[in-house]
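Participant: Produce the complete structure using the sequences and hints provided.
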Amino acid sequence: MARYNFKETEAKWQQVWAEKRCFNVEVDETKPKYYVLEMFPYPSGRIHMGHVRNYTLGDVVARYKKARGFNVLHPMGWDAFGLPAENAAIENKVHPAKWTYENIASMRTQLQGMGLSYDWEREIATCHPDYYRHEQRMFLDFHKAGLAYRKESWVNWDPVENTVLANEQVIDGRGWRSGALVEKKLLSQWFLKITDYAEELLQAIQTLERWPDRVRLMQHNWIGRSEGARVFFPIVGRDEKLEVFTTRHDTLFGASFCAISPNHPLAGALAANNAELTAFIAECNRIGTSEAAIETAEKKGFDTGLKAIHPLDPSWQVPIYVANFVLMEYGTGAIFGCPAHDQRDLDFARKYGLPVIPVVKPTDTDAVAIGDTAFPGEGVLFNSRFLDGLPVESAKTRMAEELRRLDAGQPTISYRLRDWGVSRQRYWGCPIPFIHCQDCGIVPVPEQDLPVELPEDVTFDAPGNPLDRHPTWKHVSCPECGKPATRETDTFDTFFESSWYFARFADARGAEAFDRNKADYWLSVDQYIGGIEHAVLHLLYSRFFMRALKKCGYTDVEEPFAGLLTQGMVCHETYKDENGKWLFPSQVAKDADGRSVSVEDGRPVTVGRSEKMSKSRKNVVDPVHIIDSYGADTARLFMLSDSPPERDLDWTDSGIDGAWRYLNRLHRLIGEPSFALPAPDAPRPDTLGDKAAAAEKALHKTIAGISEDLDKFHFNKAVARIREFSNLLETLDGKTDGEGWALRRGLETLVQLIGPMTPHLAEELWALLGHETLLAETAWPVADPALLVDDSVTVAIQVNGKLRGTIELPRDCAKEDAEQAALALPAVIQQLDGKAPRKVIVVPNRIVNVVG
RNA sequence: GCCCGCUUGGCGGAAUCGGUAGACGCAGCAGACUUAAAAUCUGUUUUCCGUAUGGAAGUGCCGGUUCGAGUCCGGCAGCGGGCACCA
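Each residue of the first sequence is one higher than the one before, counting from 1 in UniProt numbering.
No lab work stands behind these hints: they were computed from the structure.
Be a bit skeptical, because a hint or two may be false.
Distance windows between CB atoms, simulated [as the list claims (entries may be wrong)]:
1. R214 to S290: 20 to 26 Å
2. N517 to P471: 42 to 48 Å
3. R469 to V16: 51 to 57 Å
4. R416 to P265: 18 to 24 Å
5. V27 to V94: 36 to 42 Å
Once the Cα atoms are required to be at most 25 Å apart in a straight line, the calculated BS3-like pairs of lysine-lysine come out as [as the list claims (entries may be wrong)]:
6. K483 to K144
7. K835 to K815
8. K33 to K518
By construction, the Cβ of each residue, glycine as well, lies at the ideal position given by its N, Cα and C atoms.
Facilitator: Written out as structure tokens, the structure is:
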């Protein structure tokens, strides 16, 4: 028989599945539903290995659940708005819409070549008005419900390009294209009140039982609930009081300074007639807007000269600094510093020569000297008047009472979570449906005027937002007073689209955003699969969005994703030539001595370690090329083999070869069996020989094992079991009774079990085995529990925890028998050297440990 | 800087609840088939000592709990992800 012709086979079955509409689904109340979803891609134009991995994982789940009798919804769409389309417009003079839709078309073809079981009739593209019109409506509803509001916030501003930069466009504090020093600038922007749901989003994390713990923990920390107190410090010579937030009000007697954010109103007021302070604030504002940039910048302060009066002692004054590490967005934008018990405060105090007053000491020592290390731990208060002798927690309570009594503060809960800024000063996004009128203020676009569509006739030859400088688009009359007004020219953050697309799939062509009945049937997503990089933002925004939609009457579903699987990245070795230039893997080969050399000129190549595939490092392998040379099934099998899904996967040529070899081996095993198989419907012989009986047992163990592996997403283990079982089937030679039957049953089951992973080859082999129905429509095999247990077990015998031998024992034999058998073992007798064992520990069916 | 992970042979990984570390594969080595190559098949492969039966060590590092630790606890190191305008 010829080698497996994957091209012909894969195309054939893809066509059959499409023609028979195997994966198109409707609501069916008679079946349990299962909604499996992979994070939809940004249509960059070409799929990458990360996509191949993500969609293979999802497809295995979808096909497996379908075989298990579920009504499976498995859709695909395009996260089609975003920056790269605008960059392409600027660089290649192609319109973002044209670029995006062409990319979608080619990526769809590439995905279809993978044989994924999508219901393509539900495909959506978020840049289409039929999609984004609904979110404009949602935003108006959010606004009515008090969940959308405007406030000023900071953006990265490129003064040369006169444009707002994304964090990723700021490199070492400079604009990526202009190279200009980036400034922070205040803009009035739209926000969604996710903070209204901080507590609910936090509490509900507990209900997300099928999410990875680490993602739940990351969301928990992101929301960042902290119990503390607001404390008022009167300011010498001014009427106002400085309000600070602290979680360590127990250490108030260790206060040595106050610090406010450069963006605190007080800092602004003082800067008005202080050029030095103005310059300091400007310097602070040159640090980017990202938290990482602010946190890693050198901690600096500016003494305002103002003094704050200690809330518990009018005679005690501390200086007020403006400090670059105090965030206006968190707490009250002002802190008090207690250097002895906070490392950052200590560093600050040492730098500016401020006093360090220890007020908490560890319970087990009297040592209280503070050097360069603060003591943030638990302990007992001292140096603290009425708090002396109290442990930290009691001191907090006592201090809160005192603050309340003096009207100097109160306990409060603060969250790190900030409201979600959804405004973007960009063209390629969903227009925000509001109108600015000089007389009426901010006016919503009337619902009958939705959608507000993006104008197509825009240019990217000038800096700034094309919507803003479009000759006509933004000029409208005010819906309320009719006078000339202007449209909002900001568009939505693209997280807006991805916060509800999973609901749109329930009814992708409906006139409403989603049909309630259909959404109620399909949601929540039973299994969501995507990269760990979305652990916080996308997933948290979606959780909030569903709650906001619920408040506006769209749905009763609160949690969008009941189950979550976060996959690791696809990595590859990196290569550099002698000049330190990156090389593509395809430009590198091994010479006769096994050294890596350049294909072009044979010069030596430095091989770097494996890193996430990225265009900048050129360590990419094009999936299209792989699928072309090996077929989709080979690529899929490789993606599932070896590495568990949540870990990083190393792409290797030998790995893909191994997968390819196995598929050919399987094809040979069935196409050219070593002896003639009985007919498909041949009955089980009454007596099986030893080998056939062992094969039958292995068959049922394999079914049970792989089912469990797939339930737990242990795809690599499932592949190992498949290979183990096919190794066993290859040892059958038909010389004893029942082997023919066992081989046929084994092969058929093997094909069924590998079906979700390599669907084309499995479908082909299923037909080859004489089936006229589709494997894609065939129920999953069932293991016979009676065949899963063995009569005897191998028990490990240890002396003092060291393995000294193994013995075969009847399953569940008496502990005494196991002990007897162990003590009779020559190696054990020798180790004991005539002495009686002190103790014998027997773990039934597993181990006997003789302690001497 | 803060938050979250990960670390097991030459390599990817397996080891259900604390109970035989290295399943399965890759690469390597030896062999079979072949005029030859490819493909395929067979054997072998944690390290060290030993001709061998066998013995010792071993899951990033240091320490602890336990009859028994890859697994639990404390500390450390290295690598990676996220940090609110990349998606």
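Participant: K33 and K518: Cα distance at most 25 Å?
Facilitator: holds, 11 Å
Participant: Can you tell me whether the CB distance of N517 to P471 sits inside 42 to 48 Å?
Facilitator: Cβ of N517 to Cβ of P471: about 45 Å, so the range 42 to 48 Å holds.
Participant: Can the restraint linking K483 and K144 be considered satisfied, given a maximum Cα separation of 25 Å?
Facilitator: Roughly 23 Å separates the two Cα atoms, so the pair holds.
Participant: Mind checking the alpha carbons of K835 and K815 for me, to see if they're no more than 25 Å apart?
Facilitator: Since the Cα atoms of K835 and K815 sit roughly 21 Å apart, the hinted pair holds (cutoff 25 Å).
Participant: Indicate whether the distance between the beta carbons of V27 and V94 respects the range 36 to 42 Å.
Facilitator: holds, 41 Å
Participant: Okay, R416 versus P265 on CB: inside 18 to 24 Å?
Facilitator: Given about 21 Å between the Cβ atoms, the range holds.
Participant: Return holds or violated for the Cβ distance of R214 and S290 against the range 20 to 26 Å.
Facilitator: About 22 Å separates the Cβ atoms of R214 and S290, which means 20 to 26 Å holds.
Participant: Return holds or violated for the Cβ distance of R469 and V16 against the range 51 to 57 Å.
Facilitator: Holds, since R469 and V16 (Cβ atoms, about 53 Å apart) stay within the stated range.
Hint compliance for this structure: no hint is broken.
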